[in-house]
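A.B. asks: Now for the letters of each chain:
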Amino acid sequence: MSERQHPLVALTRTRLLEFVREPEALFWVFMFPVLMALVLGFAFRDRPPDPIPVGVAAGPPAAELSTALSRAGTVKAAVYPDVAAGLEALRTGKIALLVEDRATLVYHFDPTRPDARLARLEVDDAIQRARGRRDASPAAEALVHEKGSRYIDFLVPGILGLNLMGTGIWGIGFSIVNARLKKTLKLMTATPMRHADYLLAQMLSRFVFLVLEVAVILAFGVAVFGVPIRGSLVVLVLLTFLGALCFGGMGLLVASRARTLEAANGLMNLVMVPMWLLSGVFFSSERFPKAVQPLVQALPLTALNNALRAVMLEGRSAAAIAGEAAIVAAWGLASFAAALKIFRWQ
Amino acid sequence: MSTSAPSAIVCRGLKKHYGDVRAVDGLDLEVRAGECFGLLGPNGAGKTTTIEILEGLTKPDEGDVVVLGRRWGSQERELRERLGVSLQESRLTEKLTVYETLSLFRSFYARGRDPELLLEDLSLEEKRDARVGKLSGGQRQRLAVACALAGDPELLFLDEPTTGLDPQSRLQLWERIAAYKEAGRTVLLTTHYMEEAERLCERVAVVDHGRIIAQGAPADLIAGLGAPHILELATDPAVGADVFKGVRGLRDPRQRDGRWQLAVASLAEAVPALVDALEGAGAKLVSLSTHRATLEDVFIALTGRELRDE
Numbered sequence: 001m002s003e004r005q006h007p008l009v010a011l012t013r014t015r016l017l018e019f020v021r022e023p024e025a026l027f028w029v030f031m032f033p034v035l036m037a038l039v040l041g042f043a044f045r046d047r048p049p050d051p052i053p054v055g056v057a058a059g060p061p062a063a064e065l066s067t068a069l070s071r072a073g074t075v076k077a078a079v080y081p082d083v084a085a086g087l088e089a090l091r092t093g094k095i096a097l098l099v100e101d102r103a104t105l106v107y108h109f110d111p112t113r114p115d116a117r118l119a120r121l122e123v124d125d126a127i128q129r130a131r132g133r134r135d136a137s138p139a140a141e142a143l144v145h146e147k148g149s150r151y152i153d154f155l156v157p158g159i160l161g162l163n164l165m166g167t168g169i170w171g172i173g174f175s176i177v178n179a180r181l182k183k184t185l186k187l188m189t190a191t192p193m194r195h196a197d198y199l200l201a202q203m204l205s206r207f208v209f210l211v212l213e214v215a216v217i218l219a220f221g222v223a224v225f226g227v228p229i230r231g232s233l234v235v236l237v238l239l240t241f242l243g244a245l246c247f248g249g250m251g252l253l254v255a256s257r258a259r260t261l262e263a264a265n266g267l268m269n270l271v272m273v274p275m276w277l278l279s280g281v282f283f284s285s286e287r288f289p290k291a292v293q294p295l296v297q298a299l300p301l302t303a304l305n306n307a308l309r310a311v312m313l314e315g316r317s318a319a320a321i322a323g324e325a326a327i328v329a330a331w332g333l334a335s336f337a338a339a340l341k342i343f344r345w346q
Numbered sequence: 001m002s003t004s005a006p007s008a009i010v011c012r013g014l015k016k017h018y019g020d021v022r023a024v025d026g027l028d029l030e031v032r033a034g035e036c037f038g039l040l041g042p043n044g045a046g047k048t049t050t051i052e053i054l055e056g057l058t059k060p061d062e063g064d065v066v067v068l069g070r071r072w073g074s075q076e077r078e079l080r081e082r083l084g085v086s087l088q089e090s091r092l093t094e095k096l097t098v099y100e101t102l103s104l105f106r107s108f109y110a111r112g113r114d115p116e117l118l119l120e121d122l123s124l125e126e127k128r129d130a131r132v133g134k135l136s137g138g139q140r141q142r143l144a145v146a147c148a149l150a151g152d153p154e155l156l157f158l159d160e161p162t163t164g165l166d167p168q169s170r171l172q173l174w175e176r177i178a179a180y181k182e183a184g185r186t187v188l189l190t191t192h193y194m195e196e197a198e199r200l201c202e203r204v205a206v207v208d209h210g211r212i213i214a215q216g217a218p219a220d221l222i223a224g225l226g227a228p229h230i231l232e233l234a235t236d237p238a239v240g241a242d243v244f245k246g247v248r249g250l251r252d253p254r255q256r257d258g259r260w261q262l263a264v265a266s267l268a269e270a271v272p273a274l275v276d277a278l279e280g281a282g283a284k285l286v287s288l289s290t291h292r293a294t295l296e297d298v299f300i301a302l303t304g305r306e307l308r309d310e
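Chains as they are written, first to last, in the working numbering: chain A, 1 to 346; chain B, 1 to 310.
Hints are not guaranteed to be accurate.
[Unchecked claim] DSSO-like mimics (lysine-lysine), calculated; alpha carbons at most 27 Å apart, straight line:
| id | chain 1 | residue 1 | chain 2 | residue 2 |
| --- | --- | --- | --- | --- |
| 1 | A | Lys183 | B | Lys59 |
| 2 | A | Lys182 | B | Lys245 |
| 3 | B | Lys245 | B | Lys284 |
| 4 | B | Lys245 | A | Lys341 |
| 5 | B | Lys59 | A | Lys182 |
Think of the hints as simulated: they come from the structure by calculation, not from any bench.
So that you can see chain B by itself, here it is in the shape it has in the complex (with noise of 0.2 Å):
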C-alpha cells in the first residue's frame, strides 16, 4: 500500500478501560489525508471510544495519538480550530432556532464558514427558522454535522451519523459527506451499516472487542472472502452441515436462525450441484436466496456473529 499521502491520524497501542471493560484494547490506526476512513464494528465494540480519544475529549489509558501532526495535550485550542466534530448521543438545544444554533457554532472558530452556507450545504434551508425541537430525526443529525462543518475543518469526525434515520435522509447525509471529502478534506466517521462504509469509505477498520480485526478497502476486504456470493436457504426437513460436504464451490456453512448460509465462489457451479445432493438427503429446498458478498459477511466470516443486532 503506497504512505506517500500525509497521514491525518495515526495512533499506536491505545487503550482504554472503564472499571473492568476494556472498551479499547490496543488498537493502531492510521488515517490518511483526503480520505474517508470508516470505523466499523458492532455497538460497544469500541468505536465511540475510540474516536472521541482520537477527537481529544477521551484521554487514553496507553498509546500515542497524532491528529494532524500534533498530540492532544497543549495548545489544544489551536488543533480544534481545524476539526469538526459530530459525537453520537450530544442533543443540541431544543429552544435554539437552526440558523441561531449554527451561528452560536460558528463564533467559536476563528476561521469558518457562512451558517448562510451552511444551511444550504445541508438542504436546511426552509428550517432556518425553526427552532431544533420541532426538527425530524433526519434534519437534527443534518444540523449536528452542519455544526461539525461550521469550522470549515480540515478533518472530520463523525460518530454514527446515520443512525436511526430513514433511508432518504441517510442518502442526503451520504452526498453531503462525499461532497465534503471530494474538496480533499479528510472524515473518520464509526457506523455499524456496512453500507454506509461500503459507499463512502475508502478504507475501513472493522472493530470488535476494542480492536482492529480487519483493515483495508472495503473490496479488498470483500474480496478476501474468496467467495463474491453468499447464498441462503432454508429446507424441510432440516439438514445437517455434512449435506454440503459433497458440493463444489461451498464454503463456510453457517447456521442462523434455522436457515443455512454459505460462502459461494461461482453460483452457476454451486447451485444445481446443491439441489442434487438436498434431493438425495431427502429434503426438499423451502427458500433459496443469494447476495453479493458484503463487509457484513466479512464481519461474520470474521467474528461468527452479525454487526447489527437487529
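Isolated chain A, as found in the complex (with noise of 0.2 Å):
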C-alpha cells in the first residue's frame, strides 16, 4: 500500500509538476527577468556622458561660437541656416538648446528640460570663457564611480520586485482560472479536498520557484554587473518570500471570480499596469507629486521595491524596513482573505 500523501503536499507538488512540465512559463520566469536586465544594464552601462546637442543660428559670430562649443566638449553644436530652422529643431527635440548671438546672447531652451538647462550653463560656460572670462577662484573635479549608486544597482531590485510580482499574479491567476475553464476545481470540491488547502497549494508552490527566481536573478545582477548586496541576505530572502506571499495572494484575489482567461487577464492588467509605472520600478517613485505619494507609497510594489533596495544598496537592517514589510504583509493577508471568501469554485 502507498502512503497517502498530505493534501496539501499533494496539490503542491500536482502544481510543480504541471509547472515544470510547461517549458514557456519556465523561459518567462526564469529568462525574462535576465534578458531584460541585461538589456537595460547594457543601455545605460558606465560611461562618459553623451554631449547634450545644441544649435547655433547661422551668421558671422557662428563658425567662433561652434568652434569654443566643441572645444568644450560637454555639448555638440550644430549650426542652423537661420533662427527659425534652428527654432524648429529645437521644438521637435533634436537640440536641447538653440544659441542666437545679436549683440547679446540669446539662448532659446525649454527650461522644463533638465538637460536644456545643464546645456544653458555649459553653453554659457564654453562661450564666456572662449571670450575670456576668469574664474573667481579656481575650481577642481574629484569624479566618484561607486558601485551601488549607478542605474543597474537601482534597476536589479526593482526588476526582481516586478518579477515577483508578475509570476505571483500570473502564475497563480492563470492557473486558477484554466482550472475552473476546465472544470478541474469542480471536480475537486465534490470531494473532501479543503479549499483553503487548494489555495494555499498555490502558494505555497510559488515559494519553491521563488528561491530559484531570486537566485537567477540576484546571480546574475552581481557576477555581471556587479551589483553590491549590502545588507542581509538571510533579510533580503525573507523579503521576497514576504513579496512571493503578498502576490500570490493578489494573484489568487484577481482570478477568484474571472470565468474567462480574458476577464483575468484585464483585471490582472489593472492591478499591475499601475504599480509597473507607479512602484519605482524603472525611475524612482519619489518622482510623483506629492498628492499622490501617499497612495504610491502604499502599493505593496512600492513597499516591496524601497524595501529591497534599503536591503541591498543601503545595506540596512530588518528593524528599519519593518514599515515597508508591514504593508507588503497586510497586502498579502488581506488578499488571501477576502479570495477565500468570495472564491468561485465552478
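Reassemble the complex: the two chains are provided individually, in unrelated frames, and hints are given to aid placement.
C.D. replies: Structure, rendered in C-alpha cells:
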C-alpha cells in the first residue's frame, strides 16, 4: 500500500509538476527578467555622458561659437541656416538649446527639460571662457564611480520586485482560471478536499520557484554588473518570500471570480500596470507629485522595491524596513482572506 | 414495490431554474442502497442539473435532498468522504501522469483505495506513467471513473460516463461499474444511451423537461408498452395511417423520416395481415424490419420524440 500524501503536499507537488512541464512558463519566469536586466543594463552602462546636442543660428559669429562649444566637449553644436530652422529643431527635440548672438547672447530653450537647463550652463560657460572670462576662484573635480549608485544598481532590485509581482499574479491567476474553465476545480470541490488547502498549495508552490527565481536574478546582477548586496542575505530572502506571499495572495484574489482568461487578463493588467508605472521599478517613485505620494507609497510593489533597495544598496537592517514589510504583508493577508471568501469554485 | 432497503438518496419537489429556463421542475426521486439507478433522458432534459444538486454542487431553488441520511449544508466534508463523483465535462490536468492524478485524488480522502489498485480496476496499468493529455477518450473516461473511486465511496455519481466512447471502451466501463455495484455499492448515473440503462440499471427514471415522466425497472417500463416488438417499414408509394387501422395487433403508428413505426404485440399475427393491407392499398413494401422494444421506444411512446438527437 502506498502512503497517503497530505492533500496540501499533493496539491503543491501537482502544481509544481504542472509548471515544470510547461516550457514557456519557465522561460517567462527565469529568462525574461534576466534578458530585461541585460538589455537595460547595457543601455545604461557606465560611460561618459553623451554630449548634449545644441544649435547655433547662422551669422558672422557662428563659426567662432561652434569652435568654442566643440572645444568644451560637453555639448555638440550644429549650425542652422537661420533662427527659424534652429527653433524648429528645438521644437522637435533634435537639440536641447539654440544660441543666437545678436549683441547679447540669446538662449532659446525649454526650462522644464533638465538637459536643456544643463546645456544653458555649459554653453554659456564655454562661450564666456572663450571670450576671455576668468574664474574668481579656481575649481577642481573629484569624480566618484561607486558601485551601488549606478542605474543598474537601482534597476536590479526593481526587476526583482517586478518579477515577484508578475509571476505571482500571472502564475497563480492563469492556473486557477484555467482549472475553473476546465472544471477541474468543480471536480475537486466534489471531493472532501479543503478549499484553503487548494489555495495555499498555489502559494506554496510559488515559494519553491521563488528560490530559483531570486537566485537567478541576484546571481546575474552580481556576476554581470557587480550589483552590491550590502545588507543581510537572510533579510533579503525573507523579504522576497514576503513579496511572493503578497503577490500570490493578490493573484488568488484577481482570479477568484473570473470565468474567462480574457476577464482574468484584464483584471491582472488593471492591478499590475499602475504598479509597473508608479512603484519605482525603472525610475524612483519619488518623482510623482506630493499629492499622490501617500497612494504610491501604499502600493505593495512600491513598499517591496523600497525595502529591497534599502537592504541591497544601503545595507539596512530588518528593523529599518519593518514598515515596508508590514505594508507588503498586509496586502498579502487581506488578499488571501478576501479570495478565500469570494472564490468561485465552479 | 418493496422499500425494505434503506434509501441512499431521497429527493422531493426539486426545482431549479436558470433565468427563464426551468432546468428541474418538481422532481421526486428515491435511490435505494445497493442499486444502480439511471436517469435517462435527452440532452437538456435536466439530468445534469439534477445529479449536480444531489452531489451538493448546485443549490436547488426548492426541494429537499437527503444523501446517505444527511442533508447538504453542514458537515459537507464528512459526507463527501463517502461519495465518488465523475462530472460530465471536467477535464483532468493534462500535464500530470495517470498515477499522479490518482494519487492527488487519493490524497483528498481520509480512507480510500490504493492508486495502484485503481489502475488495475480500470485496466490503466499500461498507462500508469502516461500524461493525461496523451490518453484516448476511453482511457480518460476510465481515469475519471478511477478518480471518482479514489475514496472507495459508498455512493458513486456518474454523469454520462460513456458519452462519446467507442463500443469497446463503453463495454469496459460497464463491466467496471457492474463490478463496483456487485460489491454492494450504490450508483446513480445519467445517460442518454438506452442500452446502457438497460444493461446497468435495476431501475431507471425517464426525465424530460426537468420532470420524471416514468420510473421503474427497464423490463417493466418496456412491458408497459404492451407490445414487445417494434416494426419499421417503408412503402412505395407512401401510405397514410388509415391503412394500418384494419390490421389487428398494430398500435401507435408514428411516422419518422418517411418510415412508419408501429408497436406490435405478435409479429406472427400482424405481419401477414399487414402485407395484405398494403397490397389492398396498392403500395409495395420497400423495407421492413423489427426489433424488440427498448427504453428508447418507451421514451418515444411517452414523448413522441427520440431520445438521441442523432
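A.B. asks: Confirm or reject each hint.
C.D. replies: A quick look at each hint next to the structure:
| no. | hint | in the structure |
| --- | --- | --- |
| 1 | A:Lys183 <-> B:Lys59 | 17 Å, holds |
| 2 | A:Lys182 <-> B:Lys245 | 54 Å, violated |
| 3 | B:Lys245 <-> B:Lys284 | 18 Å, holds |
| 4 | B:Lys245 <-> A:Lys341 | 67 Å, violated |
| 5 | B:Lys59 <-> A:Lys182 | 21 Å, holds |
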